[in-house]
Amino acid sequence: MFTSTERRQPGATVRRRAQSAVIAGLWSGALVVAGLTLTAWVAAPAKAAPAAPAAQGAKAVQVAASGSSTPIKAPPGIGRDATPAELGAWDIDVRPDFKGLPKGQGSVADGQKLFDARCASCHGTFGESNEVFNPLVGGTTADDIKTGHVASLRGNNQPVRTTLMKVDTVSTMWDYIRRAMPWNAPRSLTPDEVYAVTAYILNLGEIVPADFVLSDKNIGDVQKLMPNRNGMTRAHGMWRVGDKPDTHNKACMQDCPEAGIVTSALPAYARDAHGDLAAQNRVVGPVRGVDTKLPPLSGTAAQNASVRKTAALATLGMASPDAPAQTATATSPAATLADKNGCLACHGVTDKKIGPAFSEVAAKYHGQSNATEILAAKIRAGGAGNWGSMPMPPQSQVAEADVRTMVDWILRGAH
Amino acid sequence: MLADATKREETGVSDNASRAGRLRRAPENFVDGTLAADIARDGLNPSRRGFLQRSFLAAGAALASGAAFAADAPGGSAGAGDPMILTPRPWATSLGQPVAARPYGAPSKFEANLQRRQSPGLTQTAQASVAFTPLQGLFGIITPSGLHFERHHQGWQEIDPTQHRLMVHGLVRESKVYTMDDIMRLPSVSRMHFIECGANTGMEWGNAAVPTVQYTHGMLSCCEFTGVPLSVLLDDVGADTRRGKFVLAEGGDGSGMTRTISMEAALSDVLVAWGMNGEMLRPENGYPLRLVVPGVQGVSWVKWLRRIKVGDAPWNTKDETSHYVDLMPDGQHRQYTSIQECKSVITSPSGGQALLDRGYFNVTGLAWSGRGRIKRVDVSTDGGKSWRAARLESPVLPKCLTRFNFDWQWDGSPALLQSRAVDETGFVQPRYRQLREVRGTKSIYHNNAIQTWQVATNGEVTNVHVD
Chain A
1 MFTSTERRQP GATVRRRAQS AVIAGLWSGA LVVAGLTLTA WVAAPAKAAP AAPAAQGAKA
61 VQVAASGSST PIKAPPGIGR DATPAELGAW DIDVRPDFKG LPKGQGSVAD GQKLFDARCA
121 SCHGTFGESN EVFNPLVGGT TADDIKTGHV ASLRGNNQPV RTTLMKVDTV STMWDYIRRA
181 MPWNAPRSLT PDEVYAVTAY ILNLGEIVPA DFVLSDKNIG DVQKLMPNRN GMTRAHGMWR
241 VGDKPDTHNK ACMQDCPEAG IVTSALPAYA RDAHGDLAAQ NRVVGPVRGV DTKLPPLSGT
301 AAQNASVRKT AALATLGMAS PDAPAQTATA TSPAATLADK NGCLACHGVT DKKIGPAFSE
361 VAAKYHGQSN ATEILAAKIR AGGAGNWGSM PMPPQSQVAE ADVRTMVDWI LRGAH
Chain B
1 MLADATKREE TGVSDNASRA GRLRRAPENF VDGTLAADIA RDGLNPSRRG FLQRSFLAAG
61 AALASGAAFA ADAPGGSAGA GDPMILTPRP WATSLGQPVA ARPYGAPSKF EANLQRRQSP
121 GLTQTAQASV AFTPLQGLFG IITPSGLHFE RHHQGWQEID PTQHRLMVHG LVRESKVYTM
181 DDIMRLPSVS RMHFIECGAN TGMEWGNAAV PTVQYTHGML SCCEFTGVPL SVLLDDVGAD
241 TRRGKFVLAE GGDGSGMTRT ISMEAALSDV LVAWGMNGEM LRPENGYPLR LVVPGVQGVS
301 WVKWLRRIKV GDAPWNTKDE TSHYVDLMPD GQHRQYTSIQ ECKSVITSPS GGQALLDRGY
361 FNVTGLAWSG RGRIKRVDVS TDGGKSWRAA RLESPVLPKC LTRFNFDWQW DGSPALLQSR
421 AVDETGFVQP RYRQLREVRG TKSIYHNNAI QTWQVATNGE VTNVHVD
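Protein chains in written order, with the numbering used here: chain A, 1 to 415; chain B, 1 to 467.
Here chain B stands alone, though its shape is the one from the complex:
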């Protein structure tokens, strides 16, 4: 097409104007005859030049007052208007970057503050530690792959997918080995699910301990995962699902993470996943293969998955006895506390943020339940004395984050913001007092209490507890 057009131009086709759908060529002589004669006679004489220069200086004066205008005078009373409008911006007056200048893309440099972060002093080593998702700045329900929280027990590895193997064995008709080529040939599904560490909000069991939602609730992410249902693999090896009441999942990293999963869960919605948000898993999230166990605490979503074993009894592994057990006031540990119960949190405004002015705020947050769908979320601005229902945004999916929004007019007086989720089983997210009455304060794991953010008159939001 381009070649055709060039050819026509070269041949000087002159009848284009008379054809329907053709554009008329721009006229060559757009300066009118009188003006052309004037310039030809006098040129740009000194008086004209002086006029142009004065105009230029006036424009410069407007630029100098621009900073104050932008910060403090949005009404435009300070001058002719906002220099961000009146003065051409560099990005509007220069050539931009070519396509694929960043072949895999990256957020704007102005978004650099939103990062996964460690909580200082939480762990002694960076390999057995946690990096929290910055929930305070995210929208919708999908966690960007680069901000998905990390929790490792022996450091993350980057495994060569051509060298990775999955073994499925135990109480099966035929013990099998699959390469990644094999696994990715199998019929796959894609599902959106939340993943939450059992210890999420664990620092808050006794008292308010950390400042922002990134640290109180940031061991939480939600992605679209793609993989083969574990039930398909178990069927392929001829698993004995009558005697085999449990499966063991094992990771291929140095910690060899092992977790017992009930056969009931294994056959319902567990995935052996390689995809996350349309790309392969990130190395720190288990590349090239991880288990997805919807509704169940993250430690069971074994990363770098290399082995599934079918057995007739639980394995009682390290992370099923000395960690991820909930200490009750009577000294007993609750074991295999897997389901992440219904929970919600307001992400904006939230701790460590400051409201910039009184007036309208869209109070927004996330709700989720390991037992299914979110049915309702209520929001209180007076610390739980009165509640109003928030809007649930679609999609509302089982074992997936649900975004809620709530209109709030802040009158500048102190406020206590809370959210309270209800799931489809009718379960209502508990208050701190209700949780502590049953489980004490030493549990560490599975704190799903109602979170409170205190708004001060200066606009500053802090983390507090309301019983």
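Excised from the complex, chain A in its bound form:
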């Protein structure tokens, strides 16, 4: 910092000379700021240099933490002690050694009821759906339970990797279901309910039998049956800065072997899969975005320049072409509510997703005098069987006025 004093002088001089003019004074202030920033850039690398990968000692740690040779410390008296009740409320994590796991139990049968009501809308009745999230269940065998390695991870016979194929510790499932599920109403399950849902998922994966009751007493035994319990390795070079990498390229400069051969290219049919690229680039500069609504132009770049420029200019002000849900959100308060409450995760405005499109719902209830009441009740209590096998979870957390706003909007075709 001492070296910066000298560099600050010119700026300060400018400021003194211009004291009578307000605008000039502001400008010199900017010069001082710019000077300090540049000085910090110049000074920082030299001082922080000991923090290179090899230096992991306590001294280097202190240097890196403070950016100078004097470590900074918290002044006394800031913050306060956490109370036991506060710790109890937030200290909910569960580790692989089951530290943090609360007492309780839940049966597969109870778990099935909960799963159908609260989880199946995203994960499918058997936890195998790939509609909203990756499937929970599938791809594991009885042999995997014996070995603790999921064999299908080695082959190409599984189109997607399921949770039970990957997760190695049952504590992980328990912790995550408790902290973050159901997706639209996190932390609404009691510990016993979490035990029950976990037991049901384990049963779907044929890890525990249908009459199983999972509890804090037997969860350690279940851990010994997790299909991928031996499937993780930490022996790699990517956890700590000083670890050894596993690729070893060399910086060849001339006549480099096996170069220049294109092995993969974007297929022609994917040309417009990400929308009109002319609308995703600037309208000035040495390049323009490609107009992907049209096939590639023939001729040279210069011959096509005016077409490219005109196409790019025409895109200004266009809405994002790849996000219809976002467009709806921007134009309607009801759509914002539907997005916020997760409705758009399962219902498209005009396209069927896991549930019917809102336009289909509007058509079905068109002209019914009590349509508003029926739909409001369905949103609050959930429903099943009207649009296929997938149940809709209850949305009791949504305010009544918001439910009305969304129902009115849905019945108008969600426009």
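Please keep in mind that the hints were generated in silico from the structure rather than gathered at the bench.
Warning: the hint list may mix true and false statements.
[As the list claims (entries may be wrong)] These stretches of chain A come out as covered by chain B in the derived footprint (C-beta under 8 Å, 3 or more residues):
1) 107-121
2) 149-156
3) 245-258
[Unchecked claim] In silico DSSO-like pairs for lysine-lysine, Cα to Cα no more than 30 Å straight-line:
4) A:309 to A:340
5) A:250 to B:385
6) A:250 to B:442
7) B:442 to A:224
8) B:375 to A:103
9) B:109 to A:293
10) A:217 to A:113
11) A:244 to B:375
12) A:113 to A:224
13) B:245 to A:99
14) B:245 to A:217
15) A:250 to B:375
16) A:244 to B:442
17) A:146 to A:224
18) A:250 to A:217
19) B:109 to A:340
20) A:309 to B:109
21) A:250 to A:146
22) A:224 to B:245
Just so it is clear, CB atoms sit at the ideal spot from N, CA and C, and this is done for glycine as well.
The hints should help you fit chain B onto chain A, whose structure is shown.
Just chain B now, kept in the frame of chain A:
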């Protein structure tokens, strides 16, 4: 000062001209005597009026041919010159907007095309999804706050900072709670660092899959973050750094994102940050508090940070077992693959862009390493047969983006543009073949291979892979 000047004018001080440093007042009678007499005698007679009108029509004809001139005849041979110069522009001939007409500012409407964007079909829900930074249009190394990439696991929340709390507990002498008032009183530092999602470029593991650098590399941003070093907080609670080999960071949102971080990293350069590019964090980037874990994949930079727990073993949380694990060809998952290894990409010209003419191009891009500083970046225009060193622009900071520039004369023939970064540990960014030989093609995460952009004779740039 203004009042003084007005006063003098009112009193009609006449000796200003003789004082040094005073401006002479404009003369009242600037029309010379002969002309004044002429106008007084004849007025603007019909022949004079006709002359003025003909001049006006001639100017109009130049305006009508202006569009063609602007687009295609930069040489000016079509007429007297560019109407953008010859015809007064509205912004030069009218009153502009007052200060603070946009109190928080916004980009020009002509920049509307540069936005964060989702990749269609990548995820089924917008709450557990990604919005990519438009790297193709950015300059320097700092990502504008409004374009910082987003990746959420359960939707973003706007948390009232007066209601936010941070708890630090576990293997500590004293479990503590801090309000935002408390945290922002603590001594702070500001550092520039890149943040990259572990899945950045993940769609490209097997083959070329997406068209532009926004989608291949746009889960990457770089900002100046301001906050208190985590080491200061750990010291304040008396953390047992001998038994406590790890910390758990937890978010305050619905997903309660939890990540294990080694004590070694926690004590080196991790920040508990509230500032980003001179303003508070944006809500979608963790307002009011997030963890900054330099060099480490973005999922560990826990947003809406509410809890730090010191422990003696890793937690093996959901995003440490069923996501953010790298599947190897032998069926084993690599776990806690945190460091973002040395990587680079050319951002302009890049996929989905079209070169407008042959001749000079400034090939520019970004390089970064989770292990420290960038030492060198090489650029190839022939798909890796030959390379030349690019210019590294300052600053070159550890675990931060570095901008590189490279002079290129395009002769109009097909070209394959590549960049290859080397960091201060000597690590050279790998080729696709080298990466796949070790890790197969199912890893999803941590693809840092050399990117190739193919330039066609029509100027169009596309995404391809070169082994």
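Hint by hint, here is what the structure shows:
no.: 1; hint: 107-121; verdict: violated (count 0)
no.: 2; hint: 149-156; verdict: holds (count 5)
no.: 3; hint: 245-258; verdict: holds (count 13)
no.: 4; hint: A:309 to A:340; verdict: violated, 39 Å
no.: 5; hint: A:250 to B:385; verdict: holds, 13 Å
no.: 6; hint: A:250 to B:442; verdict: holds, 25 Å
no.: 7; hint: B:442 to A:224; verdict: holds, 27 Å
no.: 8; hint: B:375 to A:103; verdict: violated, 54 Å
no.: 9; hint: B:109 to A:293; verdict: holds, 23 Å
no.: 10; hint: A:217 to A:113; verdict: holds, 23 Å
no.: 11; hint: A:244 to B:375; verdict: holds, 18 Å
no.: 12; hint: A:113 to A:224; verdict: holds, 26 Å
no.: 13; hint: B:245 to A:99; verdict: holds, 16 Å
no.: 14; hint: B:245 to A:217; verdict: holds, 28 Å
no.: 15; hint: A:250 to B:375; verdict: holds, 14 Å
no.: 16; hint: A:244 to B:442; verdict: holds, 22 Å
no.: 17; hint: A:146 to A:224; verdict: holds, 9 Å
no.: 18; hint: A:250 to A:217; verdict: violated, 55 Å
no.: 19; hint: B:109 to A:340; verdict: holds, 28 Å
no.: 20; hint: A:309 to B:109; verdict: holds, 17 Å
no.: 21; hint: A:250 to A:146; verdict: violated, 43 Å
no.: 22; hint: A:224 to B:245; verdict: holds, 26 Å
Checked against the numbered hints above, the structure breaks hints 1, 4, 8, 18, 21 and satisfies the rest.
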